[in-house]
Amino acid sequence: MVLKNLSDLKSVVAGGPMRKLVLAAAQDQHSLGAVLRAWNDNIVEPILVGDKESIQNICATSNYNIDGLRIIHEPDTEMAVQMSVKMVNAKQADVLMKGKVGTSTLLKCVLNKEWGLRTGNLLSHFALFEVETYHKVIAVTDVAMNIAPNLQEKISIINNSVSCLIKLGYTNPKVAVLGAVEMVNENMEATLDAALLSKMNQRDQIKHCIIDGPLAFDNAVSLESAQHKGIRSEVAGDTDLLLMPDIEVGNVLYKSLVFFAKAKVASVILGARVPIVLTSRSDSEQAKYDSILLSAAASN
Amino acid sequence: MVEKVISLQKKQRIAVAWGQDPNTIGAVHKAVGQGFAEALLVGDPDMIKHVCEIEGLDPSQFTIIASAGESDAAAEAVRMAVSGEADIVMKGLVNTDVFLKAVMDKEKGLMNPGATLAYVGAVQIPEYHKLLFLSDLAVIPFPDLDQLGAMAEYAIEMAGKFGIAIPKIALLSATEKVSAHFPVTSDYVEMKKNAARGSFGDCIMDGPLDLFLACDSESVRIKGVNTPVNGDADILLFPSLESANLFYKALMMFANGELAGILRGTRKPVVVMSRSESEKSKYYCIALSCLMAGD
Numbered sequence: 007m008v009l010k011n012l013s014d015l016k017s018v019v020a021g022g023p024m025r026k027l028v029l030a031a032a033q034d035q036h037s038l039g040a041v042l043r044a045w046n047d048n049i050v051e052p053i054l055v056g057d058k059e060s061i062q063n064i065c066a067t068s069n070y071n072i073d074g075l076r077i078i079h080e081p082d083t084e085m086a087v088q089m090s091v092k093m094v095n096a097k098q099a100d101v102l103m104k105g106k107v108g109t110s111t112l113l114k115c116v117l118n119k120e121w122g123l124r125t126g127n128l129l130s131h132f133a134l135f136e137v138e139t140y141h142k143v144i145a146v147t148d149v150a151m152n153i154a155p156n157l158q159e160k161i162s163i164i165n166n167s168v169s170c171l172i173k174l175g176y177t178n179p180k181v182a183v184l185g186a187v188e189m190v191n192e193n194m195e196a197t198l199d200a201a202l203l204s205k206m207n208q209r210d211q212i213k214h215c216i217i218d219g220p221l222a223f224d225n226a227v228s229l230e231s232a233q234h235k236g237i238r239s240e241v242a243g244d245t246d247l248l249l250m251p252d253i254e255v256g257n258v259l260y261k262s263l264v265f266f267a268k269a270k271v272a273s274v275i276l277g278a279r280v281p282i283v284l285t286s287r288s289d290s291e292q293a294k295y296d297s298i299l300l301s302a303a304a305s306n
Numbered sequence: 044m045v046e047k048v049i050s051l052q053k054k055q056r057i058a059v060a061w062g063q064d065p066n067t068i069g070a071v072h073k074a075v076g077q078g079f080a081e082a083l084l085v086g087d088p089d090m091i092k093h094v095c096e097i098e099g100l101d102p103s104q105f106t107i108i109a110s111a112g113e114s115d116a117a118a119e120a121v122r123m124a125v126s127g128e129a130d131i132v133m134k135g136l137v138n139t140d141v142f143l144k145a146v147m148d149k150e151k152g153l154m155n156p157g158a159t160l161a162y163v164g165a166v167q168i169p170e171y172h173k174l175l176f177l178s179d180l181a182v183i184p185f186p187d188l189d190q191l192g193a194m195a196e197y198a199i200e201m202a203g204k205f206g207i208a209i210p211k212i213a214l215l216s217a218t219e220k221v222s223a224h225f226p227v228t229s230d231y232v233e234m235k236k237n238a239a240r241g242s243f244g245d246c247i248m249d250g251p252l253d254l255f256l257a258c259d260s261e262s263v264r265i266k267g268v269n270t271p272v273n274g275d276a277d278i279l280l281f282p283s284l285e286s287a288n289l290f291y292k293a294l295m296m297f298a299n300g301e302l303a304g305i306l307r308g309t310r311k312p313v314v315v316m317s318r319s320e321s322e323k324s325k326y327y328c329i330a331l332s333c334l335m336a337g338d
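Here the protein sequences line up with chains R and P, keeping their order.
Convert by adding 6 to the 1-based position in the first sequence; the result is the number in the working numbering.
Convert by adding 43 to the 1-based position in the second sequence; the result is the number in the working numbering.
Check before you lean on any hint, since a few could be wrong.
As the list claims (entries may be wrong) - Label-pair distances were calculated between CB atoms; the ranges are:
1) P:299 / R:108: 52 to 62 Å
2) P:337 / R:108: 32 to 42 Å
3) P:226 / R:118: 46 to 56 Å
4) R:208 / P:206: 45 to 55 Å
5) P:226 / R:126: 47 to 57 Å
6) R:59 / P:200: 53 to 63 Å
7) R:287 / P:172: 39 to 49 Å
Stated by the list, open to error - Think about it this way: if two alpha-carbon atoms lie no more than 25 Å apart in a straight line, the pair counts; the simulated SDA-like pairs of lysine to any residue are:
8) R:142 / P:169
9) R:268 / P:151
10) P:266 / R:142
11) P:220 / R:235
12) P:151 / P:188
13) R:268 / P:128
14) P:204 / P:151
15) P:220 / R:26
16) R:114 / P:222
17) R:235 / P:128
18) R:26 / R:268
It is worth saying that the hints were derived from the structure and are not from the lab.
All of these numbers come straight from a predicted model, not from anything done at the bench.
Glycine included, C-beta positions come from ideal geometry on N, C-alpha and C.
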């Protein structure tokens, strides 16, 4: 199965058990709005950790009904994050979400060696985009976490993403390794890595997916473009996952899709013990809600 | 853009290297028909006539110059531009490497001495309120300070041809922060200093900026970043070929963008497009090159 649009995520999580989501430093309007909507839709069972008074004030002003909701009072932001992470560590929650706290503070706690959420895997960012002009959702990694991943890190990023796609219902997702050109060029490291990743996939060193690259963006998403260039590829034109060469490229793609192509996006941090919802201030409440859906689906 | 070129009322002579595929001939035909170009097709005359016949075009509107093969045709087209017989060189069905070798040939080529070769494009996107000029889309994997300077100059020159007197230039990165993780951002600081000292003439330059801060004033407001570009960029300079390449391709595939671009750093404009580009894109590129060739 592949996802046609982001609302399909609902059917992935439907019927399953409610996931426990802990919102760290929960006193944040947009995050609360998204979490409570997912709660109303029976997707997550929230646990709010943060400044209780401020949480209640936000909910009162926005007319959010929080009767029966578990709120743990911890006014200190850093302590609230620690407590949230420790709850996940103790298997009391299935998804971690960032509230009103800086990304670096949250990640520091996640990576804590004693009580953090390390698994030995690299943490990576995974985003799902819904654009009108593509025939299904397209996953992109890594646009926000790893700055310039080397080959080994790219393998970890692919593995994180492929296991997530499999949890979403995919079988053998098609992975395009992006370059500026589709020829292997010794002056462009991204194309060399792409060739290696493709071969490692053929040799079963990277499993459960079909990898091809280098592919330029047009060939990755359009069969017509690929055919015009005479590219023989199982992935071209039907990509499920796009691997970015570095964060600068990924960031440009992310922002151009959101701004110029009016894409809808859901994103999650993978590689820790549980999925982490780490959206930014500028993300809409809808994007935060879709990210919660994605994380719930990925927490199986 | 096309109206602008037509309004110049000047015909530019375009030498097309191995110009014998339907897309190229069709695009050139349109430009000739609009009255802003004369075409000199360097290639196999029989093949050119054959394509014209299939496409229902009159071959007598073109000057056909017989050539034995791809690389000869590229060399001949470049020679014509060097000698003044042509104003613009365009790549036809010849392989890009072969074509660029002829353009960059030290003795017989078209390069300005010591110049940086860079690809500058203009992209039109329905979701943006004006044209965006971009560089480098095809040549420089990771531009250094000198190359960034050349890219800025070329893009400013192109924006000028479209009547933009004081262009706003955004130097793009993943965030707006100068950071050792992104070495290009320290070059950006130098670029800004050079711009402030007038190296690039009248312009407003800022960076590092991310795409939102460059193109969306609402994001500038939300984030509270103080930038003179203020979400109203005319020119985007990219930190890598990969990011620039992906940007314009994503716009073309997913945001109904249209791109026209040419090579700069040469004595005369050079049109290089991928063989798979549509006739329409090729036509826009020809129009752009005619605009750049005009005085």
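Right, here's what the structure says about each hint:
| no. | hint | result |
| --- | --- | --- |
| 1 | P:299 / R:108: 52 to 62 Å | violated (37 Å) |
| 2 | P:337 / R:108: 32 to 42 Å | violated (53 Å) |
| 3 | P:226 / R:118: 46 to 56 Å | violated (30 Å) |
| 4 | R:208 / P:206: 45 to 55 Å | holds (53 Å) |
| 5 | P:226 / R:126: 47 to 57 Å | violated (30 Å) |
| 6 | R:59 / P:200: 53 to 63 Å | holds (60 Å) |
| 7 | R:287 / P:172: 39 to 49 Å | violated (25 Å) |
| 8 | R:142 / P:169 | holds (22 Å) |
| 9 | R:268 / P:151 | violated (48 Å) |
| 10 | P:266 / R:142 | violated (32 Å) |
| 11 | P:220 / R:235 | violated (39 Å) |
| 12 | P:151 / P:188 | violated (28 Å) |
| 13 | R:268 / P:128 | violated (47 Å) |
| 14 | P:204 / P:151 | violated (28 Å) |
| 15 | P:220 / R:26 | violated (36 Å) |
| 16 | R:114 / P:222 | holds (20 Å) |
| 17 | R:235 / P:128 | violated (33 Å) |
| 18 | R:26 / R:268 | violated (31 Å) |
The structure fails hints 1, 2, 3, 5, 7, 9, 10, 11, 12, 13, 14, 15, 17, 18 (numbered hints given earlier, in ascending order).
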